[in-house]
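Order-wise, the sequence lines are chains A and B.
Counting in my numbering, the first sequence runs from 1 upward without gaps.
Counting in my numbering, the second sequence runs from 1 upward without gaps.
In case anyone wonders, no lab produced these hints; they're calculated from the structure.
Some hints here could point you the wrong way.
Identical copies look the same in the list; a pair holds intra-copy or inter-copy alike.
[Unchecked claim] Straight-line alpha carbon distances no greater than 20 Å define the calculated SDA-like cross-link-like pairs of lysine to any residue that follow:
| # | residue 1 | residue 2 |
| --- | --- | --- |
| 1 | Lys166 | Phe56 |
| 2 | Lys28 | Leu154 |
| 3 | Lys166 | Asp90 |
| 4 | Lys2 | Arg105 |
| 5 | Lys28 | Pro53 |
| 6 | Lys166 | Arg89 |
| 7 | Lys2 | Gly73 |
| 8 | Lys28 | Glu157 |
| 9 | Lys28 | Ala113 |
| 10 | Lys28 | Leu4 |
| 11 | Lys166 | Val123 |
| 12 | Lys166 | Ser54 |
| 13 | Lys28 | Asp147 |
2 protein chains.
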Amino acid sequence: MKELDVSAVWRLLRPEVLAWAVAEHEGKRSICPVGWTMRTSMTPPMMAVSVAPSRFTHGLIEGAGAFVLAYPGRELAQATAYCGSHSGRDVDKFGEAGVTARPGRRVAAPVIAECVANLECRVVDRFTTGDHSIFVGEVVAAWGREDPGALLCLVDESAGYETVLKDERFRFGVVRG
Amino acid sequence: MKELDVSAVWRLLRPEVLAWAVAEHEGKRSICPVGWTMRTSMTPPMMAVSVAPSRFTHGLIEGAGAFVLAYPGRELAQATAYCGSHSGRDVDKFGEAGVTARPGRRVAAPVIAECVANLECRVVDRFTTGDHSIFVGEVVAAWGREDPGALLCLVDESAGYETVLKDERFRFGVVRG
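Start from the sequences, fold in the hints, and give me the full structure.
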């Protein structure tokens with residue numbers, strides 16, 4: 001075991017499941033792809049997600065007091081890259097990414113029809129952590145596909161993954177079926 | 001897409017990379033296997049981990065103001081199950097699990113020599129989230145193996161995983177090589 005840069009060790013921690021933080025407030029809506037999510041309470045069920053304050057979605061989550069974590073499959077790799085490289089201040093990502101927003105059942109944030117799973121979260125807390133915020137959300141409704149297939153992840157070059165999309169900054173892929 | 005129990009949707013969110021939260025305080029030390037971790041800041045680098053207050057490790061992290069996240073590979077599946085089903089109040093998990101603790105370089109928590117990677121974290125904050133606490137740690141030293149191999153994960157029955165150990169409560173495995 002060698003001492004390494006944190007970034008080098010972080011690259012060992014694959015796969016990292018990707019999600020979309022989705023929010024809507026005062027007629028504006030956006031999608032922010034994130035890898036920094038975790039479960040954080042069993043009873044009541046809660047999710048935590050780290051979002052940079054500079055993100056348009058950050059303000060929407062604060063305004064609405066709600067977010068959805070939507071989990072893309074392989075067919076949404078291109079949409080994930082698009083949403084990660086554009087700002088919801090400038091474009092309607094839903095139209096540009098070609099995905100369908102449906103009203104959440106219990107929160108004022110849309111769920112994504114094409115995703116494998118959606119978790120509707122009511123914000124119960126927000127904390128500052130370095131250059132990000134952690135939003136803590138109680139999961140008040142949950143949706144899943146009967147045949148979900150593999151989740152889109154950050155992957156590396158290991159043989160167990162199929163790379164779906166990559167550029168110099170990221171490699172999206174799925175666990176081979 | 002169907003509305004489901006949160007627990008059913010959570011089971012779709014595989015793989016979930018497993019880590020060991022490791023801490024030591026006043027001569028006591030313990031290992032708490034966790035799946036609920038995430039990155040939460042780039043500059044400075046920070047990790048977040050959710051730990052239930054009932055865990056012995058929770059008090060050790062609070063006392064020491066430090067923890068290590070150690071990432072087990074497949075050969076530590078049995079050790080992970082052992083550490084998850086015993087309390088550090090009663091046993092020395094390091095000896096029972098057959099792993100080697102080395103002093104952290106920059107924090108008062110041990111790193112695990114047999115793990116694929118170790119992140120030494122200095123606690124900068126603690127938040128309560130439902131039935132867990134989130135410890136936020138600045139990563140002040142990082143260690144990795146040159147040939148890390150696959151990380152131990154919570155997996156499902158999909159063909160892309162090799163199940164390493166399972167019982168009625170969990171299924172540990174790795175992405176196939």
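Structure-based check of each hint:
no.: 1; hint: Lys166 / Phe56; in the structure: neither (24 Å within a copy, 42 Å between copies)
no.: 2; hint: Lys28 / Leu154; in the structure: neither (28 Å within a copy, 37 Å between copies)
no.: 3; hint: Lys166 / Asp90; in the structure: neither (24 Å within a copy, 48 Å between copies)
no.: 4; hint: Lys2 / Arg105; in the structure: between (49 Å within a copy, 12 Å between copies)
no.: 5; hint: Lys28 / Pro53; in the structure: within (17 Å within a copy, 39 Å between copies)
no.: 6; hint: Lys166 / Arg89; in the structure: neither (25 Å within a copy, 47 Å between copies)
no.: 7; hint: Lys2 / Gly73; in the structure: between (35 Å within a copy, 16 Å between copies)
no.: 8; hint: Lys28 / Glu157; in the structure: neither (38 Å within a copy, 40 Å between copies)
no.: 9; hint: Lys28 / Ala113; in the structure: within (19 Å within a copy, 50 Å between copies)
no.: 10; hint: Lys28 / Leu4; in the structure: neither (42 Å within a copy, 28 Å between copies)
no.: 11; hint: Lys166 / Val123; in the structure: neither (33 Å within a copy, 34 Å between copies)
no.: 12; hint: Lys166 / Ser54; in the structure: neither (24 Å within a copy, 42 Å between copies)
no.: 13; hint: Lys28 / Asp147; in the structure: neither (32 Å within a copy, 46 Å between copies)
Taken one by one, the earlier hints fail for this structure at numbers 1, 2, 3, 6, 8, 10, 11, 12, 13, listed in ascending order.
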